[in-house]
Amino acid sequence: KRKRTRREVFLAEMDRVVPWEELLAVIAPHYPRMGRRGRQPYPLETMLRIHLLQQWYALSDPSMEEALYEIAPLRQFARLSLLTDIPDETTILNFRHLLERNQLAEKLFSSVNTHLARYGKVVRSGTIVDATIINAPSSTKNASGTRDPQMHQTRKGQQWYFGMKAHIGVDVDSGLVHSVVGTAANVHDLTPVARLLHGAETHVHADAGYTGIEYREDLQGIDVAWEVAMRPGQRRRLDQRTEVGRLIHAFERLKARTRARVEHPFRVIKQQFGYRKVRYRGLAKNTAQITTLFALSNLWMARRRLLATG
Numbered sequence: 015k016r017k018r019t020r021r022e023v024f025l026a027e028m029d030r031v032v033p034w035e036e037l038l039a040v041i042a043p044h045y046p047r048m049g050r051r052g053r054q055p056y057p058l059e060t061m062l063r064i065h066l067l068q069q070w071y072a073l074s075d076p077s078m079e080e081a082l083y084e085i086a087p088l089r090q091f092a093r094l095s096l097l098t099d100i101p102d103e104t105t106i107l108n109f110r111h112l113l114e115r116n117q118l119a120e121k122l123f124s125s126v127n128t129h130l131a132r133y134g135k136v137v138r139s140g141t142i143v144d145a146t147i148i149n150a151p152s153s154t155k156n157a158s159g160t161r162d163p164q165m166h167q168t169r170k171g172q173q174w175y176f177g178m179k180a181h182i183g184v185d186v187d188s189g190l191v192h193s194v195v196g197t198a199a200n201v202h203d204l205t206p207v208a209r210l211l212h213g214a215e216t217h218v219h220a221d222a223g224y225t226g227i228e229y230r231e232d233l234q235g236i237d238v239a240w241e242v243a244m245r246p247g248q249r250r251r252l253d254q255r256t257e258v259g260r261l262i263h264a265f266e267r268l269k270a271r272t273r274a275r276v277e278h279p280f281r282v283i284k285q286q287f288g289y290r291k292v293r294y295r296g297l298a299k300n301t302a303q304i305t306t307l308f309a310l311s312n313l314w315m316a317r318r319r320l321l322a323t324g
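Under my numbering, think of the first position of the sequence shown as 15, with each following residue one higher.
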C-alpha cells in the first residue's frame, strides 16, 4: 500500500506518545491472573489498547468488537490478528468495569500528567476554569422507563439541556488539563471550583459565568488573583471614546485571549474524539470516561513536543 491513511498516522503517533509502562503499572495490581482453573485472560496491554481505541473513536462495546474484526489498523494497534482470538464485547465490558470499580481513571489521568511534567508540559503557574454540558438521552423508552436520575436538565440562554457537566482546570501556559470534575448539568459552575485548583496558582482565569467567585466561602483562604471576564452587557456599555473605556476594552480582550486555551480540550474530546453524548447511566461511569478522555486529549495536544523529544 502506497499511502498511509489518517487513521494509521494518528494511531502511529499515539502509540509513540502514550506512556504504556506507567499506565500498565497502574492497572496491573488489579488485573486478574490465570488460576488453576478458568480461561487465561487476554494480555493487559491488549485490553488497555482496546480501551483507548474505544475512547478515540467513540465506540460501544459491541461496535469495538466488530471494528477489531473489520478494520485492520485497529487490530494492529491492539496487537491482534484474525489468526488469534479477538476479545468479545463482554470481555471489553468487564475490563471497563474493572477500571471503574477500582477508580483507576483518576490514577491513569495522574500518570499521564506526571509523564508530561517530565517534558516540562505542565507548568502550573496559573489555572483557567470552565465547564461544558454533555448531553444525555432524555428518552424514557428503556427497560426502567425513566431518565437517568443522576443527570439533570439546565437552561443555557434560551435552550434547555439534559445531561451532565464536565468541569476542568487547565494550565495557562501549556493549555493542558490538570483537574476534572463531573457533576449533573444543573450544578452551578462556581460550585466545584475549589476542586479544580491545585493550590500553586498565582492567578485564576474564568468567564463571566464565574462572577462573584472571590466571595465564595470555600475559596476565601486561597491567595490568587481572580481574572474574571466582564459581563457582556457591561462591556457593551463601555464608552470606547474615552481613554479609560479603551483601556478596559483592551484588558478584556487580553483576558479573553488567555481564557481561550480552555476551549481546546473541549474541542479535542468533542470534535476529534467524537464525544458529544454520555454513553452510560450514572455520574461515576461517565466521569471516569471523561477523565480518561481528557488524559488522552493532553497527550494529543502535546504529541508534537513528545515526538520531537522522544
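Careful, some of the hints might be misleading.
[Stated by the list, open to error] Using 25 Å as the maximum straight-line C-alpha spacing, the simulated BS3-like pairs for lysine-lysine come out as follows:
hint	residue 1	residue 2
1	Lys-155	Lys-291
2	Lys-121	Lys-291
3	Lys-155	Lys-269
4	Lys-121	Lys-299
5	Lys-284	Lys-299
6	Lys-135	Lys-121
7	Lys-291	Lys-135
8	Lys-170	Lys-17
9	Lys-121	Lys-284
10	Lys-299	Lys-135
11	Lys-17	Lys-155
12	Lys-284	Lys-170
Note that these hints are calculated values from the structure, not bench results.
Here is how each hint holds up against the structure:
{"no.": "1", "hint": "Lys-155 to Lys-291", "in the structure": "holds (17 Å)"}
{"no.": "2", "hint": "Lys-121 to Lys-291", "in the structure": "holds (24 Å)"}
{"no.": "3", "hint": "Lys-155 to Lys-269", "in the structure": "violated (45 Å)"}
{"no.": "4", "hint": "Lys-121 to Lys-299", "in the structure": "holds (15 Å)"}
{"no.": "5", "hint": "Lys-284 to Lys-299", "in the structure": "holds (18 Å)"}
{"no.": "6", "hint": "Lys-135 to Lys-121", "in the structure": "holds (18 Å)"}
{"no.": "7", "hint": "Lys-291 to Lys-135", "in the structure": "violated (29 Å)"}
{"no.": "8", "hint": "Lys-170 to Lys-17", "in the structure": "violated (45 Å)"}
{"no.": "9", "hint": "Lys-121 to Lys-284", "in the structure": "holds (23 Å)"}
{"no.": "10", "hint": "Lys-299 to Lys-135", "in the structure": "violated (28 Å)"}
{"no.": "11", "hint": "Lys-17 to Lys-155", "in the structure": "violated (45 Å)"}
{"no.": "12", "hint": "Lys-284 to Lys-170", "in the structure": "holds (18 Å)"}
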